[in-house]
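Protein chains: 2
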Amino acid sequence: MDGKRMRDNSQIEKGPTEDERGSSTMRTAETLLRILPMALCVVALVIMLKDSQTNEFGSLYYSDIGAFRYLVHASGICAGYSLLSAIAAAIPKQLTMSRAWTFFVLDQLLTYIILAAGAISTEVVYLAYKGDATITWSQTCGSFGGFCRRATASIAITFIVTLCYAGLTLISSYRLFSKYDAPVAYTNRGVEITTFHS
Amino acid sequence: MDGKRMRDNSQIEKGPTEDERGSSTMRTAETLLRILPMALCVVALVIMLKDSQTNEFGSLYYSDIGAFRYLVHASGICAGYSLLSAIAAAIPKQLTMSRAWTFFVLDQLLTYIILAAGAISTEVVYLAYKGDATITWSQTCGSFGGFCRRATASIAITFIVTLCYAGLTLISSYRLFSKYDAPVAYTNRGVEITTFHS
Chain A
1 MDGKRMRDNS QIEKGPTEDE RGSSTMRTAE TLLRILPMAL CVVALVIMLK DSQTNEFGSL
61 YYSDIGAFRY LVHASGICAG YSLLSAIAAA IPKQLTMSRA WTFFVLDQLL TYIILAAGAI
121 STEVVYLAYK GDATITWSQT CGSFGGFCRR ATASIAITFI VTLCYAGLTL ISSYRLFSKY
181 DAPVAYTNRG VEITTFHS
Chain B
1001 MDGKRMRDNS QIEKGPTEDE RGSSTMRTAE TLLRILPMAL CVVALVIMLK DSQTNEFGSL
1061 YYSDIGAFRY LVHASGICAG YSLLSAIAAA IPKQLTMSRA WTFFVLDQLL TYIILAAGAI
1121 STEVVYLAYK GDATITWSQT CGSFGGFCRR ATASIAITFI VTLCYAGLTL ISSYRLFSKY
1181 DAPVAYTNRG VEITTFHS
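Going line by line, the protein sequences match chains A and B. This note's numbering applies: residue 1 is where the first sequence begins, and numbers increase by one. This note's numbering applies: residue 1001 is where the second sequence begins, and numbers increase by one.
Hints are not guaranteed to be accurate.
[Stated by the list, open to error] Below 30 Å or equal to it, Euclidean Cα-Cα: the simulated DSS-like pairs (lysine-lysine) are:
(1) A:K130 x B:K1050
(2) B:K1050 x B:K1130
(3) B:K1130 x A:K50
(4) B:K1130 x A:K130
(5) A:K130 x A:K50
I should point out that these hints are in silico values taken from the structure, not numbers from a laboratory.
Kindly produce the complete structure, drawing on both the sequences and the hints.
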């Protein structure tokens, strides 16, 4: 009962209940949106790590292709960061400016890293399927169909991770920049403002 | 004289001069940061479009490689968007919520498009230089050195454009989200707030 009263008092001091509840919902959503890419990254990583094929044409391992090695590293980094940031996001504590900036910068960076990994692996798989006659690159997937299909699955998951990260970028941008005041000439609160420029 | 007095009056109504000046500086910076990638995109586009080499091994055009065709399209789209958005950013008018969202979403999208173009073209040039013995892809740059060098130059410029866009993303995020109020549990203004969670 005492705890309840304390809570009520604190709400009077700090604002309406809806906002607090909205913030708590947002934190839960953010934590889930960070756990999801972690799980997906691990799946993409495992599929790619196990991707090898041996037949009458020879053996092919994921590590024979630079883009796939990069994808494995990027997925690993992304899974690690997602776990750490999910823990950090789940802990209810005051978000300082430096914490908000760290989240923002790292989320952006990881989005770029994982997008690049997906993009270059897609290009390699595309070339492996289609080949390129002019520069005499063979259609490797003709001989290693299973290898290419597993690689494609891993890449598809990587793109889902990229979408999750694009969403997280939105959240961390909101977290960071809603702490700043709007620039005066662009403010949209209250009455319309006419600006005069010399 | 009358115009000057009007300007002074308007400042009293809407806030301190520093903020207005800061906002105007920001608009100039944004406009320049939008014109720069436009120029760079055009340069990258022209270098890539003119990239062809004919020698005793045969002829090689940029259009023989899917990744380079994508880079040309991406640079074209990016140049067009940069021009339009520079004009839109230069015009001093009230930034509505929908305008801020449009800038934010398009800046993010273009960043991803141009980053992907740079990444996949880098992968192709890397493969063309190094080859891949396991999947029997030849070192094309051994025969077409000039072609590869021009392609590399175009890609390098594309990455500078990506950096410009990363900066623009920062500005458009700030523009958009500084219009929102900070979530209550995360607010950093005024006294420290203790939250109670049930």
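To see whether the hints hold, each was checked on the structure:
1. A:K130 x B:K1050: holds (25 Å)
2. B:K1050 x B:K1130: holds (24 Å)
3. B:K1130 x A:K50: Holds, because 25 Å separates the two Cα atoms, which is no more than 30 Å.
4. B:K1130 x A:K130: The hint holds at about 20 Å.
5. A:K130 x A:K50: Given pair A:K130, A:K50 holds - Cα atoms ~23 Å apart, limit 30 Å.
Of the numbered hints listed earlier, not one is contradicted by the structure.
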